[in-house]
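So you can see what is in the structure, the chains are spelled out below.
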Amino acid sequence: MTFRPGSIPELSEVISASAARAQPLRISGRGTWLHGGAPVSADAAPLHLDAFGGIIEYEPGDLTITVGAATTIAELDAVTAAHNQWCPLSPWGGNAGSVGATIATATAGPYAHALGLPRDHVLGLEIVDGTGKVLRPGGKVVKNVAGFDLVRLMTGAWGTLGAITRVSLRLRARPVVDETWAVEVDAMRAIDAGGTLRRCNTPPLACAFVPDGLRTSFGLGEHAHLVVRIAGNAGYVSAARAAVAALGRAHTIDAGIWTALREAAPVPAVRVPMAAGVRSLNARVRSAFDPANILNPGIMG
Amino acid sequence: MSLEDSLRAIVGERHVLVRPAELIVYESDGLPGYHRRPSMAVFPADAGEALQVVRALAQHGTPFVPRGAGTGLSGGALADGTVLLGLQRMRRILEIDPVRRTARVEPGVVNATLTKAASPFGLHYAPDPSSQTACTLGGNLAENAGGPHCLKYGVTLNHVVGAVVALPDGEVVTLGDPHGEGEAAGYDLIGAFVGSEGCFGVAIELTVKLTPNPERIVTLLADFTSINDAAVSTSAIIAEGILPAALEMMDQATIGAVESSIYAAGYPTDAAAVLLVEVDGAAAGLDDDVQAVDRICRAHGARDVRIATEPAARARLWQGRKKAFGAMGRIAPHLVVQDAVVPRTKLPALLAQIAVIGEKHRVKVCNVFHAGDGNLHPNIPYDAGNADESARVHAAMQEIMLACIDAGGTITGEHGVGLDKLAYMDQLFSPDTLDAMCRLRDVFDPNRRANPGKVVPVRYCREWRPPASRQMTDDRRPMTEAPADGVERTAYSVQLQDKAKP
Chain A
1 MTFRPGSIPE
11 LSEVISASAA
21 RAQPLRISGR
31 GTWLHGGAPV
41 SADAAPLHLD
51 AFGGIIEYEP
61 GDLTITVGAA
71 TTIAELDAVT
81 AAHNQWCPLS
91 PWGGNAGSVG
101 ATIATATAGP
111 YAHALGLPRD
121 HVLGLEIVDG
131 TGKVLRPGGK
141 VVKNVAGFDL
151 VRLMTGAWGT
161 LGAITRVSLR
171 LRARPVVDET
181 WAVEVDAMRA
191 IDAGGTLRRC
201 NTPPLACAFV
211 PDGLRTSFGL
221 GEHAHLVVRI
231 AGNAGYVSAA
241 RAAVAALGRA
251 HTIDAGIWTA
261 LREAAPVPAV
271 RVPMAAGVRS
281 LNARVRSAFD
291 PANILNPGIM
301 G
Chain B
1001 MSLEDSLRAI
1011 VGERHVLVRP
1021 AELIVYESDG
1031 LPGYHRRPSM
1041 AVFPADAGEA
1051 LQVVRALAQH
1061 GTPFVPRGAG
1071 TGLSGGALAD
1081 GTVLLGLQRM
1091 RRILEIDPVR
1101 RTARVEPGVV
1111 NATLTKAASP
1121 FGLHYAPDPS
1131 SQTACTLGGN
1141 LAENAGGPHC
1151 LKYGVTLNHV
1161 VGAVVALPDG
1171 EVVTLGDPHG
1181 EGEAAGYDLI
1191 GAFVGSEGCF
1201 GVAIELTVKL
1211 TPNPERIVTL
1221 LADFTSINDA
1231 AVSTSAIIAE
1241 GILPAALEMM
1251 DQATIGAVES
1261 SIYAAGYPTD
1271 AAAVLLVEVD
1281 GAAAGLDDDV
1291 QAVDRICRAH
1301 GARDVRIATE
1311 PAARARLWQG
1321 RKKAFGAMGR
1331 IAPHLVVQDA
1341 VVPRTKLPAL
1351 LAQIAVIGEK
1361 HRVKVCNVFH
1371 AGDGNLHPNI
1381 PYDAGNADES
1391 ARVHAAMQEI
1401 MLACIDAGGT
1411 ITGEHGVGLD
1421 KLAYMDQLFS
1431 PDTLDAMCRL
1441 RDVFDPNRRA
1451 NPGKVVPVRY
1461 CREWRPPASR
1471 QMTDDRRPMT
1481 EAPADGVERT
1491 AYSVQLQDKA
1501 KP
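Protein sequences, first through last, are from chains A and B.
Read left to right, the first sequence gives residues 1 to 301 (the working numbering).
Read left to right, the second sequence gives residues 1001 to 1502 (the working numbering).
By construction, these hints were calculated from the structure, which means they are not laboratory data.
Note that the structure is predicted; figures quoted are calculated from it, not measured.
One or more hints might be untrue.
Claimed, not checked - Label pairs and their computed distance ranges (CB to CB):
1. B:R1089 / A:D212: 53 to 63 Å
2. B:R1100 / A:G61: 51 to 61 Å
3. B:R1014 / A:I56: 39 to 49 Å
4. A:A242 / B:N1213: 14 to 24 Å
5. B:V1025 / A:A78: 34 to 44 Å
6. B:R1100 / A:R279: 25 to 35 Å
7. A:R279 / B:A1313: 51 to 61 Å
Stated by the list, open to error - No more than 20 Å apart at the CA atoms, straight line, and that leaves these computed lysine to aspartate or glutamate pairs for EDC-like:
8. B:K1152 / B:D1288
9. A:K133 / B:D1442
10. A:K133 / B:D1426
11. B:K1322 / B:E1259
12. B:K1322 / B:E1310
13. B:K1209 / B:E1240
14. B:K1152 / B:D1177
15. B:K1209 / B:D1229
16. B:K1360 / B:E1389
17. A:K133 / B:D1435
18. B:K1364 / B:E1389
19. B:K1152 / A:D254
20. A:K133 / B:D1432
21. B:K1209 / A:D120
22. A:K133 / A:E10
23. B:K1116 / B:E1095
24. B:K1209 / B:D1097
25. B:K1364 / B:D1270
Just so it is clear, CB atoms sit at the ideal spot from N, CA and C, and this is done for glycine as well.
Input sequences plus hints: build the corresponding full structure.
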């Protein structure tokens, strides 16, 4: 059995009927979802959300956008780039996945250190919870403390509290100057070098170690390299360039390496195990929003 | 043992107040106009005492309201015949870790005190509410407080790493990842807890991020003869890709109040509006941004742009902004403070609409706000003793709030819902969404004893009702007026009393 609802009322009906029959569902946007701690249980019926795509509202002057959850990261990037803007979600895994899955899994990317995690970019959501109710917490403005924060709760919940159908995001203007540099480093001291850069007066937008597999395709030979993205106005980038050069021999490189890095390196975060009290809170949250335990069962452990 | 005796045994005789003459101090918060008297107030000295107090309250099934410095602007820290749990004695900074750039603090530490303590390490605590010299970090966490510099640096949510929380039933949980070991497993409960306005429990220890001090800071004051030009300049600066540390606007009424007060900052009193813009960060490239802001403001009609680089000159420009609410006290004894947010491009239209609404109701609206975020603070000074004026002020505020909601905005950007904005919650959220918020609250506090009657109108926590009509009925009017005896309960809290007894 496979579900592919075409509208919110249909999705709501699928979920509430499944809850009544205790039929587990496996939520799927673009089908690129990374696995969490554990796979969804085998008897779950796929629930495809690909109908909920597209740009819903984009006012470039507000630096905010509302998209259907099935919109891919690639589409989000293209639409915002046309207005010289971007959303720093850019998750590990690449551009084929959906915005909804990025939020549901709270998958960060190379720009998280400088610009924040997915929870810092989401302004509002539309979600159908495990009882079939349609919730619209948050909003589309950049500052909002109205009511309890269901947006943060649903971000990173791996679809176990509801199916995300719509996402409002904060955007940024693209920097005037944006350069990517590859710098030769001693492999043993690469982490120190990255730390030094992040703590200097002109920290980079991103900094990553280039894995073996990518070195040849980007012409980096055998030597260990850090790849560093520096962005800002001309004066800032000029000073940041000097900080990069101070680490070792450096040259500019195709910015496409960032997409390659994201596609090549899904980096799982170290997960701190839960203490008993927190585990009990988690179980209560789960039963408050998905009392029949049908949404992606098993995935959150 | 009675609750009072139990509490005295925990915190000592001196730190439990029961006499009306002592409790009257705690009847209001930073928003004059609301008065609710607690039945008792208790002030623990440390996390251990705070936890014992929460447990004693749980044993007696008594509702309570956590409170920091009482500087909130939503009536959120008022205890209506319930126990007030004051946390301002818990003011120790437990640890500053300059390498990880975090601080571990008790909830009663004053916001600016942490910044002062972090300054030897070249660090500061970034969220800076205007009350930062008085408000506490625990209160900031409860309200998800903002401030002028949140435009660039983010609000409290973005700066709280973890918290040790006493749940209302007396259990202790550590939320988030205070030790920086990696991503916490499970749901983002610290994200849900920040901004829960004291309804989910009491943070008895907080771990917050510290931010490196910028290498250089420049403050600009742009002077406009039209409020519309100032609003358009705001959008133009952001559209250019400049992210100022702060971008604040003050209108003529606010400038007048500030300049005639002891906080006079040298603002041009004949200006229709001023923009206070701060750019900070690396010295390299900063002047490019300063010149760009100067150019954009002049191109959009600024008469003059003053540039301050020296700390004393910058502090003077900021003084007027930070003390603007206080300065409004010169105009009238009471003040209605609002906190709506609108999409930035809607600012010019909204400011024009606010002016029309103010004229229609013959009230003086003072706008002083975070223009860069679209976070409006239309404030109206008035005399609560004048019934006719009070009615006009509230009618005007209601129209302004509905206009902001219609523009796609929200009812509060940083002050919280508390009591003050309860009446607008169902203009913003569907009954199902409000019900879901109550479900989340019940996860933390199934008996609803923590800060009862705040944030979500009680009717949504109890039963579904069809969406109300657009026109607010009398019982949904925001109750900013204190009844004559100062202790009459709102409809919300009366309904809650029966739920509060488990």
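53 to 63 Å as the expected CB spacing between D212 of chain A and R1089 of chain B, which holds or is violated: 57 Å, holds
Straight-line alpha-carbon gap K1209 of chain B to E1240 of chain B, limit 20 Å: 29 Å, violated
Proposed proximity, D1270 of chain B with K1364 of chain B (alpha carbon, max 20 Å): 17 Å, holds
Pairwise beta carbon distance, R1100 of chain B to G61 of chain A, judged against the given window 51 to 61 Å: 38 Å, violated
Distance restraint evaluation - R279 of chain A, A1313 of chain B, Cβ atoms, bounds 51 to 61 Å: Given a distance of about 54 Å, which is inside 51 to 61 Å, the answer is holds.
Hinted pair K1209 of chain B and D120 of chain A, Cα distance within 20 Å: 14 Å, holds
Hint consistency between K133 of chain A and D1432 of chain B [alpha-carbon to alpha-carbon, up to 20 Å]: Distance ~7 Å between K133 of chain A and D1432 of chain B Cα, so the pair holds.
Pair hint K1322 of chain B and E1259 of chain B, alpha-carbon separation not exceeding 20 Å: 13 Å, holds
Holds or violated: K133 of chain A to D1442 of chain B, with C-alpha atoms at most 20 Å apart: 18 Å, holds
Agreement of K133 of chain A and E10 of chain A with the hint, judged by alpha carbon distance not exceeding 20 Å: Distance of about 12 Å is within 20 Å: holds.
20 Å limit on alpha-carbon distance, applied to hinted pair K1152 of chain B and D1177 of chain B: This hinted pair is violated, its Cα atoms lying about 24 Å apart.
Cβ separation of R1014 of chain B and I56 of chain A, checked against the hinted range 39 to 49 Å: Since R1014 of chain B and I56 of chain A have Cβ atoms about 58 Å apart, the given range 39 to 49 Å is violated.
Checked against the numbered hints above, the structure breaks hints 2, 3, 5, 13, 14, 15, 19 and satisfies the rest.
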